[in-house]
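Enquirer: Chains A and B, in that order, give the protein sequences. Heads up: the first sequence is residues 2 to 115, going by this note's numbering. Heads up: the second sequence is residues 13 to 123, going by this note's numbering.
Quick caveat, the hints were computed from the structure, so don't treat them as lab data. What you are looking at is a predicted structure, and each value in this text was computed from that prediction instead of being measured. Worth double-checking, as some hints may not be accurate.
What the hints assert, rightly or not - Here are some, though not all, of the chain B residues that point toward chain A, as calculated from beta-carbon distances under 8 Å:
{"#": "1", "residue": "Pro-20"}
{"#": "2", "residue": "Cys-24"}
{"#": "3", "residue": "Gly-27"}
{"#": "4", "residue": "Gln-54"}
{"#": "5", "residue": "Gly-55"}
{"#": "6", "residue": "Leu-111"}
{"#": "7", "residue": "Phe-113"}
{"#": "8", "residue": "Thr-115"}
Ideal Cβ placement from N, Cα and C applies to all residues, glycine included.
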Amino acid sequence: EAEVAQSPRYKITEKSQAVAFWCDPISGHATLYWYRQILGQGPELLVQFQDESVVDDSQLPKDRFSAERLKGVDSTLKIQPAELGDSAMYLCASRQTGTQETQYFGPGTRLLVL
Amino acid sequence: DAKTTQPPSMDCAEGRAANLPCNHSTISGNEYVYWYRQIHSQGPQYIIHGLKNNETNEMASLIITEDRKSSTLILPHATLRDTAVYYCIVKITGTASKLTFGTGTRLQVTL
Chain A
2 EAEVAQSPRY KITEKSQAVA FWCDPISGHA TLYWYRQILG QGPELLVQFQ DESVVDDSQL
62 PKDRFSAERL KGVDSTLKIQ PAELGDSAMY LCASRQTGTQ ETQYFGPGTR LLVL
Chain B
13 DAKTTQPPSM DCAEGRAANL PCNHSTISGN EYVYWYRQIH SQGPQYIIHG LKNNETNEMA
73 SLIITEDRKS STLILPHATL RDTAVYYCIV KITGTASKLT FGTGTRLQVT L
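All chains should be modelled from the sequences, with the hints used to inform the complete structure.
Expert: Given below as structure tokens:
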């Protein structure tokens, strides 16, 4: 069964450092999402791509976060500089284009900022 | 997207049916009810969704009231592996739609 791949699974960094997360969606899925999940809360959308275009980045803290999906396939989420409050699980999800399609999530990257 | 209300936690004995309620009193006519679950330290997993008819798949059943203001997810024979946080989400389908998660219901299945 096809799955969404994410790496790394765990990342420990010091504040003010740069970090990057990678996501490879299910083949053929045009829509890709990055969510952030703080411990004890549900995931919150950071950015949504349709192919290589950003559809929604209203909740992305653009002063330090950036996301790209240059060829409309895999995607990278970057934080620079990292802050203590960025410690969270970063989840990637993908979806086929359609009206009732569901989102499939990867295993996530757990980030700890010291 | 409409807001949902779920109990923060529930317990269920293994082998019994787990009935997880969700209120979505402000749901609009073009919003679907989706259920996802998240097992500890994993990404959310799709379970089931529906518009107004009851739905069943290999994982669960979804019962939606006639007025669509509430729904119940039923796991017919809960196992220890069903211990997870269950999220009820209502959303409009379409290319711009996103999942808006609440805090969900933490289901603990016990021996």
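Enquirer: Hint by hint, say whether it matches the structure.
Expert: The hints, checked one at a time:
no., hint, in the structure
1, Pro-20, "violated (11 Å)"
2, Cys-24, "violated (21 Å)"
3, Gly-27, "violated (27 Å)"
4, Gln-54, "holds (6 Å)"
5, Gly-55, "holds (3 Å)"
6, Leu-111, "holds (6 Å)"
7, Phe-113, "holds (3 Å)"
8, Thr-115, "holds (6 Å)"
Of the numbered hints given earlier, the model fails hints 1, 2 and 3; all others are met.
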